[in-house]
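J.: Build out the structure end to end from the sequences listed, making use of the hints.
Going line by line, the protein sequences match chains A and B. Here the first sequence is numbered in numbering that gives the first Met the number 0, starting from 0 and rising by one per residue. Here the second sequence is numbered in numbering that gives the first Met the number 0, starting from 0 and rising by one per residue.
Since the hints were made in silico from the structure, they are not lab data. Possibly wrong hints are sitting among the right ones.
To be verified - Taking CB as the label site, the calculated pair distances span:
hint: 1; chain 1: B; residue 1: E104; chain 2: A; residue 2: A12; range: 44 to 54 Å
hint: 2; chain 1: A; residue 1: A62; chain 2: B; residue 2: E24; range: 44 to 54 Å
hint: 3; chain 1: B; residue 1: A44; chain 2: A; residue 2: G40; range: 44 to 54 Å
hint: 4; chain 1: A; residue 1: R45; chain 2: B; residue 2: L10; range: 27 to 37 Å
What the hints assert, rightly or not - One-sided excerpt, in silico: chain A residues whose CB lies under 10 Å from chain B:
hint: 5; residue: E31
hint: 6; residue: G40
hint: 7; residue: V43
hint: 8; residue: V89
hint: 9; residue: A90
hint: 10; residue: Q92
hint: 11; residue: W93
Said to hold, decoys possible - Chain B residues, not near chain A, derived (Cβ > 12 Å throughout):
hint: 12; residue: R7
hint: 13; residue: A13
hint: 14; residue: D45
hint: 15; residue: G46
hint: 16; residue: T49
hint: 17; residue: P52
hint: 18; residue: E73
hint: 19; residue: H84
hint: 20; residue: G87
hint: 21; residue: D91
Predicted, not measured: the structure shown is a model, and the values here were computed from it. Idealized CB from N, CA, C, for every residue including glycine.
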Amino acid sequence: MATAVAADDALWAAVADPTRRRVLDALLEHGEATTTTLAQGLPVTRQAVAKHLAVLNRVGLVAGRRRGREVRYTVRPERLDDATEAMVRVAAQWDGRLARIKRLAESAQAEAGIDF
Amino acid sequence: MAADSVEREILIEASPEVVWNVITEPEQISRWFSDDAEVEGRAGADGTLTWSPGGRGGDKEFDAIVPIRVVEAEPFRRFSFRWNHPEGAGPDENNSALVEFSLIEEVDGTRLRVVESGIDAVTHDEEDKARYLEEHEHGWEKHLGEMLDYVASKPRGATR
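T.: Shown next, in the form of structure tokens:
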């Protein structure tokens with residue numbers, strides 16, 4: 000629930016970091032992946048990915064499962080939902096508004112007859 | 000950046016003066032933000048943003064009127080306001096969200112950055128909950144798609 004979001008600052012902090020969102024994104028695409036696999040597709044080191052996964056694991060956004068010598072991670076969608084619902088919605092709304100501001104300003108600029 | 004904030008930006012091929020007018024003039028605000036806006040672009044000004052689901056000439060019964068108070072208005076550079084506070088109450092950091100626009104002049108035009116913070120302060124009301132629940136009736140798949148779109152969008156990019 001949205002109210003749970005406010006109650007859980009750690010969850011917010013976990014998804015507020017852009018690199019962690021990229022790690023989550025990569026993990027969502029893979030379904031299940033190891034630290035090494037994830038690091039291959041991201042412009043960060045394996046150590047950095049491991050650190051971000053640890054943060055995400057601590058707040059319950061991802062779960063790790065040991066398979067022999069490696070740990071395979073998956074996203075826990077129910078937690079992701081709680082943490083990001085409001086943020087995703089707000090970000091999408093601002094994208095729309097900024098795009099409209101851009102159109103209005105650029106057409107006003109064109110009418111004024113000065114190129115940019 | 001606070002944990003419950005969203006930051007987006009866009010490059011606009013227009014001067015800061017032109018962009019400033021679009022984001023602060025009521026008749027322009029109603030073209031990119033709400034359906035109607037009564038607010039002055041000066042610090043301390045109280046106003047309202049109105050959304051009319053039935054259209055401008057439609058049934059006023061369903062209008063959503065949201066209070067707004069301008070916090071900062073530094074022409075062509077900074078414009079910020081608080082909104083979504085309870086009707087009749089003064090806005091503060093516990094009952095409203097803060098929206099901050101910065102205009103940065105660049106060779107190609109103006110970089111417009113927006114930061115909205117205090118989102119968790121305004122996601123408690125019934126309307127928000129209702130919308131939340133309604134959105135979730137469409138299921139996790141839809142949400143996942145939005146999440147992927149959001150994460151996949153360029154960092155700091157806001158060009159869709």
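J.: Find the hints from earlier in the document that the structure breaks and name them by number, from lowest to highest.
T.: Numbers 1, 5, 6, 7, 12, 13 - these are the hints that the structure violates, sorted from lowest upward.
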